[in-house]
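Please build the complex by placing chain B on the supplied structure of chain A, with the hints as guidance.
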Amino acid sequence: MESMEIDSEKVHERKQSDYNYLDERFEIQKEMYRGQQYSQIYFARLHLMRTLLYSLAPTWKPHLPVGKVLGLEEGKECIIVGTLFKHMKLKPCVLDEYSKERSVTPLVKPHNFMHPDDNLILEDESGRVKLGGSALSPAIYVTGVVVALHGKETCAGEFFVEDVLEAGLPPQIERPIDLQEDKYVVLLSGLCIGSKSANPLQFQLLVDHITGHLGDEAEQGLAAQIVHVVIAGNSVEFPRKLINGQNLASKDQSTLYEPIREIDIMLNQIAAGVSVDIMPGLNDPANFALPQQPLNRCLFPGSAPYNTFRSCTNPHSFDVDNIRFLGTSGQNIDDLDKYSEAKSKLDFVERTLRWRHLAPTAPNTLGCYPFTDRDPFLIETCPHVYFVGNQDKYDNRLIKGSEGQLVRLICIPKFCETGIAVAVNLKNLECHTLSFSTQIS
Amino acid sequence: MAGKSANASLDEERKKNLATKSQKSEKMTLTHTLNVLDEIESLVSDQLQVVSYKWLSRNFSLSSNTAKSLLKDFVEKHGKGFEVVYIVSGCLKNRPSDYSVKLASSTQLPEVEKEFNGKYSVHIYSVQASIPMDPAAIWNAEFVQAEELSRQPSATDNCLRGNRFCGISNSFVKRNVEGTTGNVTAPRIESVRTTVQPKSSLDFQKGTVLSNQGKRANVSHQAKSETNAAPAQNQSVKSSSDKEKSFHVPPNKKNGQGEKSVAGTGGSLKNMWGRVPVKTEDESAKIEVKNPITDHSEDQKPSHDADNKGGSDDDNEDVNFKRASKSENRKRKAIFDFSDEEYEDVISLASPSSPKVNSRPDGELNSEDSGPEKPDSGPEKTDAGVSREVKSDEPEVSKEDREKTASIDASTTLSMEKIQTIGSEAEVKPSKGKITEAPSLQKRKKTLKTRIDERGREVTEVVWEETETKVKKEDDTDTSKKLNDGKNANAVNRAQKKIPAIGNAAATNIGGKAGSKKGGNVKDPKQGNIMSFFKKV
Numbered sequence: 131m132e133s134m135e136i137d138s139e140k141v142h143e144r145k146q147s148d149y150n151y152l153d154e155r156f157e158i159q160k161e162m163y164r165g166q167q168y169s170q171i172y173f174a175r176l177h178l179m180r181t182l183l184y185s186l187a188p189t190w191k192p193h194l195p196v197g198k199v200l201g202l203e204e205g206k207e208c209i210i211v212g213t214l215f216k217h218m219k220l221k222p223c224v225l226d227e228y229s230k231e232r233s234v235t236p237l238v239k240p241h242n243f244m245h246p247d248d249n250l251i252l253e254d255e256s257g258r259v260k261l262g263g264s265a266l267s268p269a270i271y272v273t274g275v276v277v278a279l280h281g282k283e284t285c286a287g288e289f290f291v292e293d294v295l296e297a298g299l300p301p302q303i304e305r306p307i308d309l310q311e312d313k314y315v316v317l318l319s320g321l322c323i324g325s326k327s328a329n330p331l332q333f334q335l336l337v338d339h340i341t342g343h344l345g346d347e348a349e350q351g352l353a354a355q356i357v358h359v360v361i362a363g364n365s366v367e368f369p370r371k372l373i374n375g376q377n378l379a380s381k382d383q384s385t386l387y388e389p390i391r392e393i394d395i396m397l398n399q400i401a402a403g404v405s406v407d408i409m410p411g412l413n414d415p416a417n418f419a420l421p422q423q424p425l426n427r428c429l430f431p432g433s434a435p436y437n438t439f440r441s442c443t444n445p446h447s448f449d450v451d452n453i454r455f456l457g458t459s460g461q462n463i464d465d466l467d468k469y470s471e472a473k474s475k476l477d478f479v480e481r482t483l484r485w486r487h488l489a490p491t492a493p494n495t496l497g498c499y500p501f502t503d504r505d506p507f508l509i510e511t512c513p514h515v516y517f518v519g520n521q522d523k524y525d526n527r528l529i530k531g532s533e534g535q536l537v538r539l540i541c542i543p544k545f546c547e548t549g550i551a552v553a554v555n556l557k558n559l560e561c562h563t564l565s566f567s568t569q570i571s
Numbered sequence: 005m006a007g008k009s010a011n012a013s014l015d016e017e018r019k020k021n022l023a024t025k026s027q028k029s030e031k032m033t034l035t036h037t038l039n040v041l042d043e044i045e046s047l048v049s050d051q052l053q054v055v056s057y058k059w060l061s062r063n064f065s066l067s068s069n070t071a072k073s074l075l076k077d078f079v080e081k082h083g084k085g086f087e088v089v090y091i092v093s094g095c096l097k098n099r100p101s102d103y104s105v106k107l108a109s110s111t112q113l114p115e116v117e118k119e120f121n122g123k124y125s126v127h128i129y130s131v132q133a134s135i136p137m138d139p140a141a142i143w144n145a146e147f148v149q150a151e152e153l154s155r156q157p158s159a160t161d162n163c164l165r166g167n168r169f170c171g172i173s174n175s176f177v178k179r180n181v182e183g184t185t186g187n188v189t190a191p192r193i194e195s196v197r198t199t200v201q202p203k204s205s206l207d208f209q210k211g212t213v214l215s216n217q218g219k220r221a222n223v224s225h226q227a228k229s230e231t232n233a234a235p236a237q238n239q240s241v242k243s244s245s246d247k248e249k250s251f252h253v254p255p256n257k258k259n260g261q262g263e264k265s266v267a268g269t270g271g272s273l274k275n276m277w278g279r280v281p282v283k284t285e286d287e288s289a290k291i292e293v294k295n296p297i298t299d300h301s302e303d304q305k306p307s308h309d310a311d312n313k314g315g316s317d318d319d320n321e322d323v324n325f326k327r328a329s330k331s332e333n334r335k336r337k338a339i340f341d342f343s344d345e346e347y348e349d350v351i352s353l354a355s356p357s358s359p360k361v362n363s364r365p366d367g368e369l370n371s372e373d374s375g376p377e378k379p380d381s382g383p384e385k386t387d388a389g390v391s392r393e394v395k396s397d398e399p400e401v402s403k404e405d406r407e408k409t410a411s412i413d414a415s416t417t418l419s420m421e422k423i424q425t426i427g428s429e430a431e432v433k434p435s436k437g438k439i440t441e442a443p444s445l446q447k448r449k450k451t452l453k454t455r456i457d458e459r460g461r462e463v464t465e466v467v468w469e470e471t472e473t474k475v476k477k478e479d480d481t482d483t484s485k486k487l488n489d490g491k492n493a494n495a496v497n498r499a500q501k502k503i504p505a506i507g508n509a510a511a512t513n514i515g516g517k518a519g520s521k522k523g524g525n526v527k528d529p530k531q532g533n534i535m536s537f538f539k540k541v
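Residue numbers (the working numbering), protein chains in the order written: chain A, 131 to 571; chain B, 5 to 541.
Same shape as in the complex, but just chain A (with noise of 0.2 Å):
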């Protein structure tokens, strides 16, 4: 809405949209720690995707019966349903720390632990088999993802594989086609206040035009378009060689204390201008393993207060206009960055949704709560915005289901190395850049 000129300040009324919070099922408070361990989830996990894929199997190879790893004969197609291993030479394994020399300086680390020599193995709770064939490629599958698979036993006792169905994009509710305006959603991750190479100044001139104090009344106007801003992990970076375990001398812990401080304050000149979510990342002060808990709210004394401040799980899950947004701060694309590879980051991110799951490597390499009753991981709606923060670059994608799906993959750029943030339009699913640069030379 402008206003008409009458004088010189013109104040723009930003735009207002309806927020649903959809974290319960990432929140861990209701769980209880009974020394499970972790093959609860992958049940969970194996049941619930059976189920699904039993579901689609008919309409995928109708002849051919369905069965359990443990009724294979050998010679017989038949399609079996379970959990994919990979035995994977180079993961590093815990207890190769206890067996040989420590040196002190640990070993550089590769960044892939991929091998040309990685097999599959499908399991189920009858048994296991190791996968042959090429139509299932080691190099794209990871452990943990449920898949159905066709073929048959051979002589040696390896299974066949001729094909190989994946659950597919979730069912998707339908968007809202009524919207008439443009109204932009910011993502941005990786702030890492308090790390060397994080310009504070570079986020103030973002703060400054999400608020709205930025440029003339024509791009105030833009920016009162901005209905939400998500923060997306690793907002802020503590020295390290403060944190070693010994006790903090006072004047230490008010310089651990800056980035938080420095943090709230710019999250509090957002929150009073436009509703806000952060989210926990590796770096934040947050637990380690997923789904991550959200900040405390006492780490936000200035920002708490308000009702458009939101602090939340990772990974995050939220409606804006009916429009679902599902996001994580990046650790479960890192991870099968590690045990897979593909083109670009986009192609994990869109696996990840084929598979119906957010983070198939958890909890074999990502760490992960064990439950005992359901997989969180799961994704059972399909989002119309997915968004993956703290990666290298800025990339998207507009991806289509088999069902008429739509949904857009987004990497959100770390904001400190690159000054770019996203703004996704709700109204077309559109996405452009903020940029930022402070080069004054």
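Simulated from the structure, these hints should not be mistaken for laboratory data.
Treat each hint with caution, since some may be false.
[To be verified] Here are the simulated EDC-like pairs of lysine to aspartate or glutamate, each with C-alpha atoms no more than 16 Å apart in a straight line:
#1 B:123 - A:293
#2 A:191 - A:346
#3 B:76 - A:346
#4 B:76 - B:87
Remember, it's a predicted structure, so these values are computed and weren't measured experimentally.
Just chain B, lined up with the frame of chain A:
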């Protein structure tokens, strides 16, 4: 549509209002614009500060847009001597769909502008004497300003919190100022605090006994730190201790344990003293926190405590820790846990003055508590002192403790550490059983009260004086009996508490002093105090 038009008309009105306001402000600024410009000049040239438009708007309560035009005027008038940083925002030619914002110095400006296409905006970002190497330095002044604004009390609405100078208004933003932010002034404490309910960090609302105790523990530590804390004002002490409470709670707990262990394991000591208080643990849990803090205020506190004991937590801390106070029936164990024994309650036991205090074991846990603080205040400790000290130790705890102790206590739960502090008080020698006069030094003082419990152990309790009076009587009778054994018991009790320095000497002293606590313990500060500690009120 009717709705829409209604909205539209509202908007119009609002705009008109804004317009008129801005008109007015414009007129106003015309008159003092020059003043502002002069100020900017002095800031930039004399103080070498970077004046950004946001800083200007917050400082002079102008809208951002007004600040921008002010800077523009400034540059037109005085621009020659200063460096100007411009900000260009819009869409770049090579990426028309993406929004871009760039800072540029005046020399760079033409080139940067060429990169933008179509409609872009340029305005001044900041004015400074010279452009710093690190662009972040431009941001500093503004951030310092923002920090100051954020430090204002949460209930104050200022331009940082109210989002008032920007170009976009949002009426749906609400800010809850009731303390959601939790004024966490002392971050470290909060977490540890046991059952402190209130959000406000400092107000420890009546916690449960346990919490109190926990608090006390903290308090004790704090007491150390705050030795000067408002003496009688347990409250104050408490508050301070509260902060530290969380910090101290664990230690207190430990202390409680420590007491136990002391009791249990201090074989030699035990033997010496002849007794192993079994209950310390429980008691400690309860009382433990005899708050060293209380100690600080011990001097004052004791009386304070005594009064408080009366159950009217009027003394200071009531608010914070309702330490079981008032509940007379609580077993009060004088648990002087000096959390981490770093504090080495050297004081308490030694305080010669405590004798008198000691005589009031009941309330006078102060002596214990005040240990750290009061070691020096030994003399004061005498009876009154002791009791005080005791109280002070646990300013917070004591309150409740007092009550408790009055009621029960078999405990020698006084933590040893406390004992130290109490030590001085100990001289008072609760064991005397006669707790005599000391406790009543102040109206409500914590005094030590010693009695023999059902198991034949001498129990020294810290009780508030007021309540003590009654209690004392009983105690007196009891203690008189106990005195004889009491001394030993006391010794034992005291020993339990961790009387590092005291050791055997203390024991002996205590025994000897049991009766003479009040007056004569001064000679041997540490030991004397212990006696007073065990002295019954």
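Verification of the hints:
{"no.": "1", "hint": "B:123 - A:293", "result": "violated (55 Å)"}
{"no.": "2", "hint": "A:191 - A:346", "result": "violated (61 Å)"}
{"no.": "3", "hint": "B:76 - A:346", "result": "holds (13 Å)"}
{"no.": "4", "hint": "B:76 - B:87", "result": "holds (13 Å)"}
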